[in-house]
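Asks: Just so you know, the protein sequences line up as chains X and G, in that order.
According to our numbering, the residues represented by the first sequence are 1 to 148, in order.
According to our numbering, the residues represented by the second sequence are 1 to 211, in order.
It should be emphasised that the hints constitute simulated quantities derived from the structure, not laboratory data.
Incorrect hints may appear among the rest.
Said to hold, decoys possible - Covered, in the sense of this in silico footprint (three residues per stretch, anywhere, with C-beta under 8 Å from a C-beta of chain G), are these stretches of chain X: (1) 26-36; (2) 39-49; (3) 85-96; (4) 124-135.
As the list claims (entries may be wrong) - Straight-line C-alpha distance at most 35 Å; calculated DSBU-like pairs for lysine-lysine: (5) 118(X) x 170(G); (6) 113(X) x 208(G); (7) 28(X) x 112(X); (8) 75(X) x 152(G); (9) 208(G) x 128(X); (10) 100(X) x 143(G).
What the hints assert, rightly or not - One side of the interface only, derived from the structure: several residues of chain G facing chain X at Cβ under 10 Å: (11) 115; (12) 148; (13) 169.
Nothing here was measured: the structure is a model prediction, and the numbers come from that model.
Idealized CB from N, CA, C, for every residue including glycine.
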Amino acid sequence: MFKKILIVAFILELTFVNKIFSQSITIKDSWARPASKGRNSAAYFTIINKNSFGDSLVQAISNIAEKVEIHETFKTENDMMGMRAIKFISIPANSEVKLKPGGLHIMLIGLKKNITEKDSVNLKLKFKRAKEIDIKIPVKDIMKKMPH
Amino acid sequence: MDFARKILKIMFNLKLNKYFILLTIPTTIIINSCGKNFPVIEDLSKDKFLLVNQDSNAVIFPENFKNKIIVIGYIFTNCPDICPLTTNNMRLIQEKLSKEMISDVQLISISFDPLQDSPAVLKDYATIRNLNLKNWDFLTGEKSTIDSLTKKVGVVVIKSDSTMFDDGRKIYYYVHTDRIQLIDKEGRIRKNYIGSKINIDEIINDIKKLE
Numbered sequence: 001m002f003k004k005i006l007i008v009a010f011i012l013e014l015t016f017v018n019k020i021f022s023q024s025i026t027i028k029d030s031w032a033r034p035a036s037k038g039r040n041s042a043a044y045f046t047i048i049n050k051n052s053f054g055d056s057l058v059q060a061i062s063n064i065a066e067k068v069e070i071h072e073t074f075k076t077e078n079d080m081m082g083m084r085a086i087k088f089i090s091i092p093a094n095s096e097v098k099l100k101p102g103g104l105h106i107m108l109i110g111l112k113k114n115i116t117e118k119d120s121v122n123l124k125l126k127f128k129r130a131k132e133i134d135i136k137i138p139v140k141d142i143m144k145k146m147p148h
Numbered sequence: 001m002d003f004a005r006k007i008l009k010i011m012f013n014l015k016l017n018k019y020f021i022l023l024t025i026p027t028t029i030i031i032n033s034c035g036k037n038f039p040v041i042e043d044l045s046k047d048k049f050l051l052v053n054q055d056s057n058a059v060i061f062p063e064n065f066k067n068k069i070i071v072i073g074y075i076f077t078n079c080p081d082i083c084p085l086t087t088n089n090m091r092l093i094q095e096k097l098s099k100e101m102i103s104d105v106q107l108i109s110i111s112f113d114p115l116q117d118s119p120a121v122l123k124d125y126a127t128i129r130n131l132n133l134k135n136w137d138f139l140t141g142e143k144s145t146i147d148s149l150t151k152k153v154g155v156v157v158i159k160s161d162s163t164m165f166d167d168g169r170k171i172y173y174y175v176h177t178d179r180i181q182l183i184d185k186e187g188r189i190r191k192n193y194i195g196s197k198i199n200i201d202e203i204i205n206d207i208k209k210l211e
C-alpha cells in the first residue's frame, strides 16, 4: 500500500513539475526576415523566463529550412562584424533574453521556399529544462518600419 | 637663406600672437571637417573593375557612374543578420534622397561573396525585399576582381564559420568590415560609415556638401 502511494505521489510530482516547466517559459515579439529559396533567414524573439531557476535554449527545429542553428553576431576591432554558431542561449532566472538584429538569432539556413511578408514560419524550441515550445513566427520586413 | 629667415620671422610673429594661434587652429579644423573638403580616402578614378549587375549587365566600376555621387555598401546574401541592416540603411538613404529631391546619386551594393552571389541571387535578394532598383545596382563579378576591389577600398573580408548541408554542399560566412562609403563624382572615396549603424541624416548632409 505504502509502495503504491509512493508511486502515485511520484507520478503526480512529475506531472506537476512538468506543468511548471512548460508554463514558465514564454515567447513574445517573434518575427523572421523575408528571404528567397535556397538562401538564409533569421528569426528573432524574446524569451521570458519567470522561473526562479535558469534555463537554456538548446535547439530550434523548423521544416522551412535545411538547417537551423543558433547564432550570434559579434564585433571585432576596426568595425569588423561576423557571426558564429553557438550551442545554447542561457536564460537566467526571472529574466528576458532578446534575440535581435546584430545579436543572438536563429539561423534558418537553406530555405526550402521563398518566405515573404504574408508567410509565417513554424519553429520548435527545445530547452534544457522547460518543455519544448512550438511557435508560429510571422515573416516581417520589420526594418522598413523602424524609425531611424 | 632668405626663405629660412622669413619662416623664422613668421614663427616669431606667431609666438607673439598666441591668442591668434589659439583662435585660428580650432577654426581651421572646424572649417576643414564641416566644409566641402572631406579628405580623399582613396582615389578610384583610374580604376576599372569589370563587374555585372543583378540583370547580368556588364558594369565598369566606378567609370560607369562618373558624374554621380555613389553610396556603396558591402554585403553577402548568405548573411541574414548584419548585411540586411546595411541594405535597409541603403533603402532609407534612397528614400530620404527622394524626399529631399536630391538626384544624381547612385546606390550600389557589392557582394564580396561572388562564388555564391550570382546576378540571379542578387536579383532575388532585391526583389524579395521590394527594393527600388531605379538608381540602385547590386554588383558581383570574378572573385579576383572582387578581391582587388575590396582591398583597394579598405574592406576586409575573412572567411570564417561554415554550414555543411546533408548533400555535402558548404556555405561560408565571413568576418567583414561593416561598411557604407561615400564616393564623389570624380570616383574618390570621401567618407566611411558603419554600414549597419549609419546615421542617415549625416550621410544626407555629406551628400549635399559634395553635390
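Asks: So which hints don't hold here, by number, going up?
Replies: Violated: hints 3, 4, 6, 9, 11, 12.
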